[in-house]
Amino acid sequence: MRRRLAGLVIALSVAISGPALAQQQDPDHSIDKLGLDPGEPQAPSPPPAVPFGVQPAQSKELTLDFHGYLLLPMEIGMHDRLNPTAGESDVVLHTPPLIPQYPEGFEYTGVIPTPWVQMNFLYGNSTVYATTILAATTLGDAAGYYNTTAQLGVNDAFITVNASKPIGIPFEVHVGAMTGRYGAMGAYDIGRYGTPLIAQTNTIGETIEASIPLGRQFKLMLEQGFGGQLARPPAGLVPAGWNGFANVNAGATFINHLHAGLAYGKNFRLAVHYLTAFTQDDQVPSGLIPDGRIVVMGGEAHLTGQFGHIYAGLASTQATNAATVSGAIRILNAQGGQDLMNEYLGPNSNGNGSLTTFGAEYDVSVSRMIFGQAYTGKSADILVSLFGIGTEVKSDDATFNNVLKIKGGAEVTYDFLPFMGVSERFDHVRLNASDSRQAFSIFSTRLLFHTNWLAREEIALQYSYFEDGINVYVRTGYPPVIDPSANPDADVLSLIGTVWW
Amino acid sequence: MSVLEPPRRSDISPARRAVHRFLRGVGMLVGLLVVLSGVSRIAWADDSTTDAGAPPAPADDDSTAKATDSIPGSPRPAGLGLSPQAPPVPPASGGRAPSFGAPTQDPQWSFRIGGRIAGAEAIGIGRTPADAPVGYSGTALHVPALTQGRMPFFPGAGATLYFQTGTPIVTAYVLFYARMSGEDYNGYYNPQAGPDFGQAYLLITPAPIGPWHLSWRVGGFIETYGGPGQWGWGIFGPTLAVRGFGETTNADVEVSPDLRLSFTHGVLAVPGVPENFVRGDYNTWIETGVSDYLQHAHAGLTYKNQYLLRVHYVSDHSTDERKYLLTFLNTAPHDGHFDTYQVEARWLADPYGQFGITAMMYDFGTAASVGDGIWWGLDWTQGAREMINKFLGPNSNGNGKIQAISAEYDTSIARLLWAPRAFDGRAPDLRLAIAGMEYWTFASGDPDYKNATGYYVGLDTEYRFSSLFSFTFQAFGENRASDIGRWAVYSLNPGVQFHSDWLSTDRVFFIYSRRSYSSAVDNNSAAPLDRDVFTLGGYFTF
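These protein sequence lines are chains A and B, in that order. Everything in the first sequence is counted per this note's numbering, starting at 1 for the first residue and increasing by one. Everything in the second sequence is counted per this note's numbering, starting at 1 for the first residue and increasing by one.
Incorrect hints may appear among the rest.
As the list claims (entries may be wrong) - Sample of chain B residues lacking proximity to chain A, with all beta carbon distances greater than 12 Å (derived):
1) PRO133
2) VAL134
3) GLY156
4) VAL170
5) GLU287
6) THR381
7) SER516
Unchecked claim - FRET-style restraints, in silico, Cβ to Cβ:
8) A:ASN243 <-> B:LYS450: 44 to 50 Å
9) A:PRO239 <-> B:GLN382: 29 to 35 Å
10) B:ALA178 <-> A:LEU62: 22 to 28 Å
11) B:ALA422 <-> A:ALA130: 47 to 53 Å
12) A:ASP435 <-> B:PRO206: 46 to 52 Å
13) A:MET420 <-> B:PHE154: 42 to 48 Å
14) A:VAL272 <-> B:ALA178: 43 to 49 Å
15) B:SER256 <-> A:ASP483: 58 to 64 Å
16) A:ASP435 <-> B:ALA178: 46 to 52 Å
17) B:GLN382 <-> A:PRO418: 38 to 44 Å
18) B:ASN305 <-> A:VAL161: 52 to 58 Å
19) B:GLN105 <-> A:VAL272: 30 to 36 Å
20) B:TYR162 <-> A:VAL128: 28 to 34 Å
It is worth saying that the hints were derived from the structure and are not from the lab. We put the beta carbon where it would ideally sit given N, CA and C, even for glycine.
Pulled out of the complex, with its shape left as it was, chain A reads as follows:
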């Protein structure tokens, strides 16, 4: 009893002296919590983690950064109504336009863009930072709400660790859910056709990048990555709009990829890429499926100088039982093996076949070419671009075997005032090079508005005319499928706003 009493006295004295000591310092108005703060993430934090809720001001090094990108097009497609009745006008208006521009098909040129909104939130310091990207392909207020998968939510989230200081060479590690794009044809973008020439990865995993100086000018670049999907569509799921018509027969897919490059200064870069996406899954509802694999090997070169920026690339894609490979890998915008079959290999290929893809892009500023670095972009300029992509398909599906698909184009832009320019673009797409009935051309004339020379925002007013071959079809419906009965739009009027920060 005495021991208990002594213990109680000690405990009380500690309890009383504690608050007394605290009162001698700054008054503490914080409320003691009986549970976790509502802002605490509902996921366990890996130790040692900075406690969530610590104000950035309490940490001198960690900062919040914010970036974003908006691509906001208004597009109106027009065609003549075939059999107008009383009260119906001769011209039909469509938005989105009825044109052969399926984003996941070879036919896509990017001339008539679709909306894309993203906000990047970065938090960290020069050693480690986290990135979260919110994204959408529509706007709920402007377009209504029906396609749940158009609101992508948190599309990417990853952590970047920069270990360059301790290691002594540029060295970065990314861990998380992120995309990798290889074969970007533009100097700072994926190119005029909006697709990386070699491959795109969409995985949760890691990539490690290192750069090793070789003398004064040369640099060896290395990159390795491995990742997979967080989850696969469960057995029993009915493909529907709300789940993006998920392919339940795709297996859990993993990607291992290696890349190496040699750079000379900042003017030349040669790179080779190897990616293998594979699935070895026994949980698909259709029963046992063969292991699927898509292997991509490619090489590319960038050359930059007063003459402009030149890109050339070559890729070989080998698909084996690829129908079971998920959208963790994208080839020419085709998402996974099923899309690869739909768009290139054919439905009877069983996912077996290959693509030999080649592409090139040349961008030049006439002013830079004439005046060199004396031209800083703050006066008139003519920008010329030539670009093209081709892919030869070998497939077990005889209908799709030995098909060469090519598309190419040219763009000339004359920026003559700080706030205005004009641009003309021509694209020709041949879905089967040997069949001109499966070819179409796009003529696009634009007025460009911006707030200054080289301003990051742009508003483009564009008129495009589509000249379609007789066997060029558009897709309609949900999900979009080829509709031979649809009468495509010949004319498309677009107002396109873009900005990034």
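Fit chain B to the given chain A structure using the hints.
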């Protein structure tokens, strides 16, 4: 070599073919002129740069020099792939605008975040249903409350975040919504509650040109007009809201120190939903197979910042090409239009208050084929479909005309008593807003609705007796025609509010609502509407 077979000539009229040829020719001619004129222009431009005193950048004789700009030919950093931060999009049209992450010399952009966080839990006290099972006892509690008509608060809970970034000339706006659809709170059944991107647009505001102030908004957004209230939308809200992807151009001119004129014009398009999309609860039964095209124009006059006169015109047009679905009125697809003309006047009579009045006419022509490009019409009614259902009738075939008048008077009693001294709001006050709206369906294809009338009345008062507390009292009435009798809802809503200061933008409120319904409204004896509703809620705007 001819690379194309002739297109579907049968689809193209000779006149349009000629137009196509002409436009193509113009396009190619522009391209040729661009090339021919470019070199001389460049030479001139380079001179002008020098004349302007901007020294040319030193020649890049070092291949390892930093990238200075996005112009093709500038040294670029090495890398094996595109950054995971970059968007999956092609470069901007024309390749002129620097792509994401390219080096630029733009001035620093500033960033601001604002928003509104609100939540209200309304509990309706139910009544015993007519077919109550044996053993049924007690009082049913409904969440959400089982009510009709206007509530004295914005129901539900959610947050709106406004992201702004830019310079004084160009600003990007993004609105991001979340309406607490998380399964933690109420189960997950309504994905349209977000979180989602609601609006995003660019606003270009160039330097004034003499007395002219211009702005240009491009993107996807909602714009509202016609509300007679002084602050925000007023009791019965705007009488017009438009939405879609497109642009709005605005011009203000100061004719004199007392007189300012405003002109606005815009074009918007609302993307259609595929005809075979299966509608359902989670997408609010969205209309399929139609897309909307709006043109709207507005002109305004402000005299001495005291008298305002504005006129509004909107034409929402749709060409319906549905193949197998009928319209929601079970009529054949058709071209349709839904137009409105409105005149708005306000008088800011300090210290007596503000009086606003808006007169409007809505014109429908086979409008069952028109979507909801006009996002709000009368009484926040959404799009052509709901306007037809509510005011024209199910047998109207989408044809008819409605005229309406909406007025509101807002005043502050303390401001009146303090006059001529200024009252800045930091003292006890009685705020009063009274509003009324009346409509007349003077033309309708549905005989039951032709010459139908209805009215709305509202009173909103707040007595701020201390910096922390207020008493509120709101009363609303709605009485209009419907195909099942007069649709009438009245409510009396006393409440108390807590706020952190006189002028703070935060509120925590408790409101009791006593409601009465006509038999047309409370027409289901198996599920009688709640007549007593208790609400605890709050909001914070920043």
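Status of the hints after comparison with the structure:
At roughly 35 Å, the least C-beta separation between PRO133 (chain B) and chain A is larger than 12 Å, which holds for a residue marked as non-interface. At the 12 Å boundary, the C-beta of VAL134 (chain B) stays outside the reach of chain A, the nearest C-beta of that chain being 40 Å off. The beta carbon of GLY156 (chain B) is kept farther than 12 Å from every beta carbon of chain A, the shortest such distance being approximately 15 Å. Remark: the non-interface label on VAL170 (chain B) conflicts with the geometry, its nearest Cβ contact in chain A lying 5 Å away (cut-off 12 Å).
Here GLU287 (chain B) does not stay apart from chain A, with its beta-carbon only about 8 Å from theirs, under the 12 Å limit. At the 12 Å boundary, the C-beta of THR381 (chain B) stays outside the reach of chain A, the nearest C-beta of that chain being 16 Å off. Distance to chain A confirms SER516 (chain B) as a non-interface residue, since its nearest Cβ pair spans about 34 Å, more than 12 Å. Look at ASN243 (chain A) against LYS450 (chain B): about 47 Å separates their beta carbons, and that is inside 44 to 50 Å.
Our hint of 29 to 35 Å for PRO239 (chain A) and GLN382 (chain B) holds, since their Cβ atoms are close to 31 Å apart. At roughly 25 Å, the beta carbons of ALA178 (chain B) and LEU62 (chain A) sit within the given window of 22 to 28 Å. The hinted range of 47 to 53 Å is satisfied by ALA422 (chain B) and ALA130 (chain A), whose Cβ atoms lie roughly 50 Å apart. Restraint check, ASP435 (chain A) to PRO206 (chain B): a C-beta distance of roughly 50 Å satisfies the suggested window 46 to 52 Å.
Checked against the given bound of 42 to 48 Å, the beta carbons of MET420 (chain A) and PHE154 (chain B), roughly 43 Å apart, stay inside it. Distance hint check: the CB atoms of VAL272 (chain A) and ALA178 (chain B) are about 45 Å apart, consistent with the given range 43 to 49 Å. A hinted range of 58 to 64 Å holds for the C-beta pair SER256 (chain B) and ASP483 (chain A), which are about 59 Å apart. With their beta carbons about 50 Å apart, ASP435 (chain A) and ALA178 (chain B) fall inside the hinted range of 46 to 52 Å.
A hinted range of 38 to 44 Å holds for the C-beta pair GLN382 (chain B) and PRO418 (chain A), which are about 42 Å apart. Checking the proposed 52 to 58 Å range against ASN305 (chain B) and VAL161 (chain A) shows it holds: the Cβ atoms sit about 57 Å from each other. A C-beta distance of roughly 34 Å is found between GLN105 (chain B) and VAL272 (chain A), which places it inside the suggested range of 30 to 36 Å. Between TYR162 (chain B) and VAL128 (chain A) the Cβ separation comes to about 30 Å, which falls inside the hinted range of 28 to 34 Å.
Of the numbered hints listed earlier, those contradicted by the structure are 4 and 5.
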